[in-house]
Amino acid sequence: MKIGLEVHVQLPTRSKMFCSCPTTDAEAPNTHVCPTCLGMPGVKPVMNKKAVEYGIKLAKMLNCEIPEVMWFSRKTYFYPDMSKGVQITQYENTVGKKGIYYVNGGRPIHITKIQLEEDPGKTKRFGDQSSLVDYNRAGTPLTEIVTDPDFKTPAEAREFLRQLIADIRHTIDLPDDGERSIRADCNISVGVERVEVKNVSGLKNVERALTFEFVRQTKILKAGGKIERETRGFDEERGVTFSVRKKEWEADYGYINEPDLGIFHIGDLARSITIKESPTKMAVRLSQEYKIDQKTADQFVSTSVGLAKMFEVLVKATDIQTALSWTKGTISANWKTFEACGKDPEGITKIIKKLSEGRITDVEADIELKAYMAGRDACAIREQCGDLCKIIEKYLDANPEIVNEIKRNEKAINRVIGHVMKETGGKYSSADIVSETKNALCHRL
Amino acid sequence: MKDLLAKLSKLNDKYSMFTTITADKDAGDSKFLFSAKDGLTSKDMETKCGSRILEGYRPVFDATAIAKMREAGGKLIGKTNMDEFGFGSFSTNSPFGVPKNPYDLERSCGGSSGGAACAASVIEYHVALGVSTGGSVCCPASFCGVYGLVPTYGRVSRYGVIDNGNSLDKVGLLSSCPFQIAKFLPIISGKDPKDPTSCCQPELEIKGKKIKSVAVPENALDGLSKDVRSGFNASLDTLRGMGIDVEMITMPSLKYAIPAYYIIETSEASTNLASYVGMRYGRQDGDLSLKFDDYFNYFRTEYFGDETKRRIILGTYARMAGLRDRYYSKSLRVRLHIISSYKEILKEHDAVLTPTMPFVSPRFDEISNMSPVESYSADRLTVPPNLTGMPHMSVPCGYDGNGMPMGMQIVTDHWQEDRLLTFAKEWGAVFDVRRPEVPL
Ligand SMILES: [Zn+2]
Numbered sequence: 001m002k003i004g005l006e007v008h009v010q011l012p013t014r015s016k017m018f019c020s021c022p023t024t025d026a027e028a029p030n031t032h033v034c035p036t037c038l039g040m041p042g043v044k045p046v047m048n049k050k051a052v053e054y055g056i057k058l059a060k061m062l063n064c065e066i067p068e069v070m071w072f073s074r075k076t077y078f079y080p081d082m083s084k085g086v087q088i089t090q091y092e093n094t095v096g097k098k099g100i101y102y103v104n105g106g107r108p109i110h111i112t113k114i115q116l117e118e119d120p121g122k123t124k125r126f127g128d129q130s131s132l133v134d135y136n137r138a139g140t141p142l143t144e145i146v147t148d149p150d151f152k153t154p155a156e157a158r159e160f161l162r163q164l165i166a167d168i169r170h171t172i173d174l175p176d177d178g179e180r181s182i183r184a185d186c187n188i189s190v191g192v193e194r195v196e197v198k199n200v201s202g203l204k205n206v207e208r209a210l211t212f213e214f215v216r217q218t219k220i221l222k223a224g225g226k227i228e229r230e231t232r233g234f235d236e237e238r239g240v241t242f243s244v245r246k247k248e249w250e251a252d253y254g255y256i257n258e259p260d261l262g263i264f265h266i267g268d269l270a271r272s273i274t275i276k277e278s279p280t281k282m283a284v285r286l287s288q289e290y291k292i293d294q295k296t297a298d299q300f301v302s303t304s305v306g307l308a309k310m311f312e313v314l315v316k317a318t319d320i321q322t323a324l325s326w327t328k329g330t331i332s333a334n335w336k337t338f339e340a341c342g343k344d345p346e347g348i349t350k351i352i353k354k355l356s357e358g359r360i361t362d363v364e365a366d367i368e369l370k371a372y373m374a375g376r377d378a379c380a381i382r383e384q385c386g387d388l389c390k391i392i393e394k395y396l397d398a399n400p401e402i403v404n405e406i407k408r409n410e411k412a413i414n415r416v417i418g419h420v421m422k423e424t425g426g427k428y429s430s431a432d433i434v435s436e437t438k439n440a441l442c443h444r445l
Numbered sequence: 001m002k003d004l005l006a007k008l009s010k011l012n013d014k015y016s017m018f019t020t021i022t023a024d025k026d027a028g029d030s031k032f033l034f035s036a037k038d039g040l041t042s043k044d045m046e047t048k049c050g051s052r053i054l055e056g057y058r059p060v061f062d063a064t065a066i067a068k069m070r071e072a073g074g075k076l077i078g079k080t081n082m083d084e085f086g087f088g089s090f091s092t093n094s095p096f097g098v099p100k101n102p103y104d105l106e107r108s109c110g111g112s113s114g115g116a117a118c119a120a121s122v123i124e125y126h127v128a129l130g131v132s133t134g135g136s137v138c139c140p141a142s143f144c145g146v147y148g149l150v151p152t153y154g155r156v157s158r159y160g161v162i163d164n165g166n167s168l169d170k171v172g173l174l175s176s177c178p179f180q181i182a183k184f185l186p187i188i189s190g191k192d193p194k195d196p197t198s199c200c201q202p203e204l205e206i207k208g209k210k211i212k213s214v215a216v217p218e219n220a221l222d223g224l225s226k227d228v229r230s231g232f233n234a235s236l237d238t239l240r241g242m243g244i245d246v247e248m249i250t251m252p253s254l255k256y257a258i259p260a261y262y263i264i265e266t267s268e269a270s271t272n273l274a275s276y277v278g279m280r281y282g283r284q285d286g287d288l289s290l291k292f293d294d295y296f297n298y299f300r301t302e303y304f305g306d307e308t309k310r311r312i313i314l315g316t317y318a319r320m321a322g323l324r325d326r327y328y329s330k331s332l333r334v335r336l337h338i339i340s341s342y343k344e345i346l347k348e349h350d351a352v353l354t355p356t357m358p359f360v361s362p363r364f365d366e367i368s369n370m371s372p373v374e375s376y377s378a379d380r381l382t383v384p385p386n387l388t389g390m391p392h393m394s395v396p397c398g399y400d401g402n403g404m405p406m407g408m409q410i411v412t413d414h415w416q417e418d419r420l421l422t423f424a425k426e427w428g429a430v431f432d433v434r435r436p437e438v439p440l
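Taken in sequence, the protein lines are chains A and B.
Just so you know, full-length UniProt numbering puts 410 at position 410 of the first sequence, and the rest follows in order with no gaps.
Just so you know, full-length UniProt numbering puts 105 at position 105 of the second sequence, and the rest follows in order with no gaps.
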């Protein structure tokens, strides 16, 4: 089985690729349009430089060759949502070609090319007699990433896509809802002939569509049938693919060079652009540099690149073991909350430093971290904690027999907890009380 | 000026040079009047580009050249008639009447800016905006006995030019007075953010740089009509008399220009024409319950003219997979070859000179007997400079026995419009332009 993907990613420019219309969601159909994106006679496309920069960034991320000059082409076909009757895309000298991308730091996937192009509009069926066309989307900048047929299983294609999306998001600061703007055409051949499943969105659906095709094609071949070369669609609800059109020959788009845009000398621009380290590359580096296992490193970056960076800061502030166990534990568990409340990561480093210098205990560090990462004031917490400690110590002082009982039976700790809870009237969480009690007992047991 | 607006529609009845004329009979506070070929979009006037498919289309924007003329105080008096989408050499491929040659109403004005040349010939000191793709300014200028200038590709913004062949289209100027052209070219020139192919060269400077030597490619003179040959020879003598050095040369590359041109032009044009499907502008009729491809087919079959359909088919063929390398891509290489052959000659000479058209304006009955190949090869002298993007100009240079005008075409290197304009003024001083007789 051979699988190749063509991944379409919407670039996060504020205006369209060849005009100044906004790319944001419009309130009504055909409101974010102008003569240029409607293809009125006499208009000329004007390139959005930002889109070229994004293209170069992605080409670099995929380790592509970037040419000194690139140009655009016109792809001609008739469809109501194509305002100009031609789509401006790249055919020769695309923004990147011959790239390579490693899945999970291991198997290489070859990138055939990465090209820039504009999105067409949208057609909507309206009743059974009419269709409505909305050109708001027409001219939105896209990149298309084309892979060689290197995938061996649907799961591998999915894993590639997951990683790719995370990397793209980080490299060009794609907004979090960006997944809806990522669509893939999935090419799969079990026998000789290739079938293309168009426009599948979402990781899960890519795997489902490919798996369905694998089963369908295998059955046909086993029954002695022949796979027809065709384009298929994917029905998300039923999880099946269906035939859209037979492809007896390659569609002929009659490409010519886009004469209105000319040639772009992008060599210098490409050399001047540096990209952020992608999550994938970072995970590989973390595992090698700090000798931690790949899985943990992957977990760090897939939770957040910020968390992975935190780990690196902590390694410098303390040592690998301390940094590792705390990053894996409390810090990673509370990371999303922490990112949401927007506090300075420096505070976390301070707490861990205090811990490694022996100024606070593990339990105290844990409490402080949780409080700090939840956005609560660490000082106030410490005072509160002081109160809690006092209450616990006071009770233990007054009931020394309970310490002995706990030595014999751990469950006896519940009596302490019950008492403190009653005393504090639900002011502290039972988890906090438990950890504080254990901390207090440490000194007595 | 006032006078002209009042009699414009009467003049037009006689010559059919405009497809739309202004309803204003008052020039208002405008400083000058001008006309524009209907292939340039105009905000307040219908723009049809010579095609039924665009009937009723009122663009929401002015072409940059028109906008700049208006900013300079000009008033647009009308849109001039043309071959459909610029496809033709005689302005006979127009469904909106055919402009008539002011020297003989039975003859063509040339194309595709035929209406523009007619207006420039009939109206004194008038300046007309035209568009040239393969000769659409020089050919009608020659047939109508006026000056026609095509600037360097990119000198004038193409924003608002309804595309024929985008890599070839250039806005040009026509007038019976060379000083008018020199005056208005700087006005319409310059970088335009709305057209990425508009120039980033220094502004046009007119410093009076002269043409001191011209090269005449001898092989371009084969097949000239007798009258044009003798008129042209007489002009060469006049040039020598002006102190200009005339040298006969050969330029074998010229013979490849026509095939390369028609492949590039039709390839580009056929993609431009893909947007005309009756959905968003211009004419919209037909059975809307049809499937979209059937509707598109119906619409395009019904409203494109024959020549337009011919070029769509030629262009689509030339860029098809499997043929693309042999035709489209090869033509692009031929084009580079032709550019370098001009560059080579222009190292030694200031300009390349030929007649503009191989014959004077033909009669309409002669045109209807021409095959497409015959009419395409009529452009064999105007096509080469258009392919190179070099500035060139047709100046009136003689009259045949019937009093029909002929022109010669001067080509200089890129961005050297200055030399052309200076030459035109000097030529205007020595050559006596005969104006046609205009009634009223
Ligand atoms: Zn727009």
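Any given hint might turn out to be false.
[Unchecked claim] Simulated coverage check for chain B against chain A, where a stretch passes if three residues somewhere in it have a Cβ under 8 Å from a Cβ of chain A: (1) 124–138; (2) 160–171; (3) 175–182; (4) 189–199; (5) 291–297.
Just so you know, these hints were derived from the structure itself, not from any lab.
By construction, the Cβ of each residue, glycine as well, lies at the ideal position given by its N, Cα and C atoms.
Here's how the hints hold up against the structure:
Only residues whose C-beta sits within less than 8 Å of a C-beta in chain A count toward coverage, and the segment 124–138 of chain B has 0 of them, not enough to reach three; the restraint is violated. Check result for the segment 160–171 of chain B against chain A: holds, 7 residues qualifying (beta carbon to beta carbon below 8 Å, three or more required). Check result for the segment 175–182 of chain B against chain A: violated, 0 residues qualifying (beta carbon to beta carbon below 8 Å, three or more required). Against chain A, the segment 189–199 of chain B contributes 5 residues with a C-beta closer than 8 Å to a partner C-beta. That satisfies the three-residue criterion, and the hint holds.
Only when three residues or more bring their CB closer than 8 Å to a CB of chain A does the claim for the segment 291–297 of chain B stand; here the count is 3, and the claim holds.
In this structure, the hints that do not hold are numbers 1, 3, in rising order.
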